[in-house]
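Q: Take the sequences, apply the hints, and build the full model.
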Amino acid sequence: MTHHVPTPLLFDFATGALPEGPALAVTTHLSYCGECHAALLRLEEVGGALLQTLEPAAVDSDLLSHTLARLDESDMDASVAEPEGETRGLLPPVLRPYLATTLNGARWRFAARHVREARLPLANTAHRASLLRVAAGRPVPQHTHRGVEYTVVLSGGFTDRGQAYRMGDFCVADPSVEHRPVAMADAECLCLAVLDAPVLPTGRIGRLISPFLR
Amino acid sequence: MSLNLQQESASSARPARGAALVTFPQVGYASPLTLSSRVQVSPMNQDMLCDLVEAVARQRDKAAFARLFQHFAPRLAAFVQRRGADPATAQDVAQDAMLTVWRKAQQFDRSRATASAWIFAIARNRRIDVIRRERRPDPEMLIFMQENNAPSAESEMERSAFHGRLHASLTQVPANQLEILKKAYFEDLAHSEIAQQLGLPLGTVKSRIRLALIRLRGLLDEEETP
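Chains as they are written, first to last, in this note's numbering: chain Z, 1 to 214; chain R, 215 to 440.
It is worth saying that the hints were derived from the structure and are not from the lab. Take these hints with a grain of salt, some might be off.
[Stated by the list, open to error] Reference excerpt, derived from the structure (chain R facing chain Z, CB under 7 Å, subset only):
no., residue
1, R289
2, G298
3, M312
4, R326
5, A331
6, A335
7, E348
8, F358
9, E361
10, A398
11, A409
[As the list claims (entries may be wrong)] Computed cross-link-like contacts, DMTMM-like style, restricted to lysine to aspartate or glutamate with a CA-CA straight-line distance of at most 20 Å:
no., chain 1, residue 1, chain 2, residue 2
12, R, K397, Z, E55
13, R, K276, R, D310
14, R, K276, R, D261
15, R, K396, R, D300
16, R, K318, Z, E73
17, R, K397, R, E407
18, R, K276, Z, D72
19, R, K276, Z, D62
20, R, K397, R, D300
21, R, K318, Z, D72
22, R, K396, Z, E55
23, R, K318, R, D300
24, R, K276, Z, E73
[Claimed, not checked] Chain R residues, not near chain Z, derived (Cβ > 12 Å throughout):
no., residue
25, D265
26, E268
27, R272
28, L412
29, G413
30, L414
As the structure is a computational prediction, the values presented were derived from the model and not from experiment. Virtual Cβ for every residue (Gly too), placed ideally from N, Cα, C.
A: This is the structure we're talking about:
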């Protein structure tokens, strides 16, 4: 793991400020990165310490008894059904609730030549989250960005602007970045992409369709 | 107890870069920004809180739960009210968070977090769920294929020292940095939103948060780039 979540982004996640889409990119990276997870736990300790400094608010005198009465009904925690086969191995648990089916059963559409996309339904539609599959050794057509794009590698890898991104790596691109990421030659690259605005194709050749041209 | 603004040792008292410390001198003495000493929890008490969560996990101990509730529910209600929720909603979220504590107590691991931090994270997620209608993964869902699993490598003593230091050093964070930390944690405002609200450049907000985290020693390496 060489590319981590930038500290300000991790901080905004820890405080709860980060919207759902970027938060999903962060937690996906954390699923692979004990180092960033440890950093998050330290930031949550700050939250815990600040919580202790708050002047307690008044609560109803019977709130405790009402809560105690509800303990037995809420005793069992419904566990999420474990996905099967390929999904289980490849998808971190934080992504599984967004995919109703197995990885192969998802609705994959071509977003560009060699690039397939499956949308993940976010409650907060300010961002668009997708799983992308890029064929081994193939590029994502050259593009720049109208907003910020977060990418996390789930399997395989890609190279971009002289850097290699492998499983768990976190990549940020913004309007200052024009790039043409290329999947590594040995395997298909599966990644999570979160965008707050459609990307802007700039290449002469590849024509991007969804999610890029809407 | 008033806010202690004295400088720490030379190593951590590097001059701030840019405009980080030059604006808003008046907030240094505003009472809402000073920490109330009577609600400070010493590391010993934090250990007791951890014991209580473990009693809930292992014995399903309702008396232990009631003590946790009495300690945390009013603070969680205050926490949610700071985000702008009305008292009734805040109380609902506090109750909801405490029910989550009851259900998830088995997942609490004191080698990774204090009870306060674990409950903070639960309440933060419940707040997001109820107020913003978004979901956040439960903490245990982050465990997947992690490299360098640092937390478990720390010794009990190191962790205890870290938490003692954290609580103590909170009182030494300068007021203009503490104000921003509280805005971030209590009002769930992002860097950019805080900058907008306070009329400060984004870079100033970033550097104040960075300086505050450096001051809370052990949280952020001084050498780390922002």
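Q: Compare the structure with each hint and give your call.
A: Hint check results:
Checking R289(R) against chain Z: minimum C-beta separation of about 5 Å stays under 7 Å; hint holds. Below 7 Å, beta-carbon pairs count as interface contacts, and G298(R) has none with chain Z, the closest being about 13 Å; its hint is therefore violated. Because the closest C-beta pair between M312(R) and chain Z is about 6 Å apart, less than 7 Å, the hint holds. For R326(R), the interface hint holds, the least distance from its beta-carbon to any beta-carbon of chain Z being 6 Å, beneath 7 Å.
The beta carbon of A331(R) comes within 3 Å of a beta carbon in chain Z, closer than 7 Å, and the hint placing it at the interface holds. The beta carbon of A335(R) is positioned within 7 Å of a beta carbon in chain Z (closest approach about 5 Å), and the interface hint is therefore held. Interface restraint check for E348(R): the shortest CB-CB distance to chain Z comes to about 4 Å, inside 7 Å, so the restraint holds. Hint status for F358(R): holds, given a least beta-carbon distance of 4 Å to chain Z, under 7 Å.
Taking 7 Å as the C-beta cut-off, the interface hint given for E361(R) holds, the closest approach to chain Z being about 6 Å. Here the hint on A398(R) is kept, as its CB sits about 4 Å from the closest CB of chain Z, short of 7 Å. Checking A409(R) against chain Z by beta carbon gives a least distance of about 11 Å; that is not within 7 Å, so the hint is violated. For the hint linking K397(R) to E55(Z), the alpha-carbon distance of about 15 Å falls within 20 Å, and the restraint holds.
Between K276(R) and D310(R) the CA atoms are separated by roughly 16 Å; this keeps the pair inside 20 Å, and the hint holds. For the suggested pair K276(R) and D261(R), the alpha carbons sit about 18 Å apart, so the restraint of at most 20 Å is met. The suggested pairing of K396(R) with D300(R) holds, with an alpha-carbon distance near 19 Å, which does not exceed 20 Å. The suggested pairing of K318(R) with E73(Z) holds, with an alpha-carbon distance near 14 Å, which does not exceed 20 Å.
The suggested pairing of K397(R) with E407(R) holds, with an alpha-carbon distance near 10 Å, which does not exceed 20 Å. For the proposed pair K276(R) and D72(Z), the alpha carbon gap of about 10 Å is at most 20 Å, so the pair holds. Only pairs whose Cα atoms come within 20 Å are accepted, and K276(R) paired with D62(Z) is accepted, the gap being roughly 16 Å. Our distance criterion of 20 Å between C-alpha atoms is met by K397(R) and D300(R), whose separation comes to about 18 Å.
Restraint check for K318(R) and D72(Z): the C-alpha separation of about 13 Å stays at or below 20 Å, so the hint holds. Straight-line distance between C-alpha atoms of K396(R) and E55(Z) comes to about 13 Å, which keeps the hinted pair within the 20 Å bound. With a CA separation close to 27 Å, the supplied pair K318(R) and D300(R) exceeds the 20 Å bound. Between the alpha carbons of K276(R) and E73(Z) the distance comes to roughly 14 Å, so the proposed pair stays at or under 20 Å and holds.
Annotated as non-interface, D265(R) keeps its C-beta farther than 12 Å from every C-beta of chain Z; the closest such distance is 16 Å. Look at E268(R): its CB is around 16 Å from the nearest CB on chain Z, clear of 12 Å, so calling it non-interface holds up. Every CB of chain Z lies more than 12 Å from the CB of R272(R), the least distance being 14 Å, so the non-interface label holds. Every beta carbon of chain Z lies more than 12 Å from that of L412(R), the smallest distance being close to 15 Å; the non-interface claim holds.
G413(R), annotated as away from the interface, keeps every beta carbon of chain Z farther than 12 Å; the closest lies near 18 Å. With a minimum CB-CB distance of about 14 Å to chain Z, L414(R) clears the 12 Å threshold, and the non-interface call stands.
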